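Student: Residues per chain, in single letters:
There are 2 protein chains.
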Amino acid sequence: MRYSPSVTQLIAELAKLPGIGSKSAQRLAFHILSLEKSQVKDLTEAIVSAHHNTRLCQECQNYTDEDPCAICSDTRRDRSTICVVESPKDVSTIERTREYKGLYHVLHGVYSPLQNVGLDALKIKELFSRLQRHDDIREIILATNQTAEGEATAMYISRLVKPSGIKVTRIASGLPMGSDIEFADDITLSKALKARHDF
Amino acid sequence: MRYSPSVTQLIAELAKLPGIGSKSAQRLAFHILSLEKSQVKDLTEAIVSAHHNTRLCQECQNYTDEDPCAICSDTRRDRSTICVVESPKDVSTIERTREYKGLYHVLHGVYSPLQNVGLDALKIKELFSRLQRHDDIREIILATNQTAEGEATAMYISRLVKPSGIKVTRIASGLPMGSDIEFADDITLSKALKARHDF
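Residue numbers (the numbering used here), protein chains in the order written: chain C, 1 to 199; chain A, 1 to 199.
The shape of chain C in the complex, shown without the other chains (with noise of 0.2 Å):
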């Protein structure tokens, strides 16, 4: 005996989520079937209004209840900076530092080949067909990943930005605050080296 049929399908949904296995999708089905049926309610209306009210800003391409976003329509930004950033995460994650006033620009995803992620599959033509409307752009901020993925999609987009005379600078790497010289990678170790500054 395995579940009944209406059990076994949503296991099989909630398994579809990222990061969700089988073991936590039976998991969540036997917390969702012990909820009350407002709770349920409330858990589907929330997922259905999400997908429903959200767009994305015809602007920086994050996602949005109204067109263009709460951030691209702030008149107090600097519009003459875009922030580069593989998802909308990494907005609210660059927002919490409060040390950015600029505006964003999300990819939606990073060029990776092993992935079938091309590069047309990301927001690149929208970002380039904004700096074409707007002449008060003066820096491009490369903020994708660390990884060799994100290094690969800042590499092509400041190949394709730098004819322009815009500028573009990408965020540092180097050792986190708070870590261990003697537990860092080689990597990161050499880049921190390469970037040491006067102090």
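Hint data in this document are derived by calculation from the structure and do not stem from the laboratory. Only a predicted model underlies this, so the values are computations on that prediction, with no experimental measurement involved. You may find that some hints are simply not true.
[Claimed, not checked] Here are the simulated DSS-like pairs of lysine-lysine, each with C-alpha atoms no more than 25 Å apart in a straight line:
#1 C:K16 x A:K23
#2 A:K16 x C:K23
#3 C:K23 x A:K194
#4 A:K191 x C:K37
#5 A:K89 x A:K125
#6 A:K41 x C:K41
#7 C:K16 x A:K37
[To be verified] To give an idea of the interface, some chain A residues facing chain C are shown, with a C-beta separation under 8 Å as derived from the structure:
#8 A25
#9 C72
#10 A184
We put the beta carbon where it would ideally sit given N, CA and C, even for glycine.
Keeping the supplied structure of chain C fixed, place chain A upon it in accordance with the hints.
Tutor: For chain A alone, coordinates are given in the frame of chain C:
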């Protein structure tokens, strides 16, 4: 800036699920936003339909689409033995061994005063009404977890059942197969020593 209201709401709902922290809830939410409309429909319909179709089997209290459940209505199973488990997951785990041919009884929890789970919250009354309805039950196997709460619950049921003359057994505890004695904890090891058998 945080996320838009409907995305914030979705993250909050997902973070209520067991084992899903705020980071996982964010990742799941963004995954859901990236799905096709039909995939979102599959997910929410699976949730609603599993919750709607699933009830408790009046006999064993396991989740089921039809009452009595597939195990309780299977005439080939040994109706003289009931294996008492904490949760529906445990039924499927024991079934996987293909070792057990009797019936089950699902308590839906264990006695855990610290987490405000009293004996009333468990399906113990239902177990006794079952023992009264069926006079062909010869053995109750207590297969609650080998934890303080599982032991206490097993002890409680054992004391209540024994006067009726029904045999009460507890699944064995000892060293797991493939394990090293060196790494066994003291309680497991002393239980394994006490429960030694001829070889």
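Student: Evaluate each hint against the coordinates.
Tutor: Verification of the supplied hints:
1. C:K16 x A:K23: holds, 18 Å
2. A:K16 x C:K23: Holds: K16 (chain A) and K23 (chain C) sit about 18 Å apart, inside 25 Å.
3. C:K23 x A:K194: Cα-Cα ~33 Å, so violated.
4. A:K191 x C:K37: Violated - the C-alpha atoms of K37 (chain C) and K191 (chain A) are around 44 Å apart, more than 25 Å.
5. A:K89 x A:K125: Holds - the C-alpha atoms of K125 (chain A) and K89 (chain A) are around 21 Å apart, at most 25 Å.
6. A:K41 x C:K41: holds, 14 Å
7. C:K16 x A:K37: holds, 15 Å
8. A25: violated, 11 Å
9. C72: violated, 10 Å
10. A184: violated, 24 Å
Violated hints, listed in ascending order, are 3, 4, 8, 9 and 10; each of the other numbered hints is respected by the structure.
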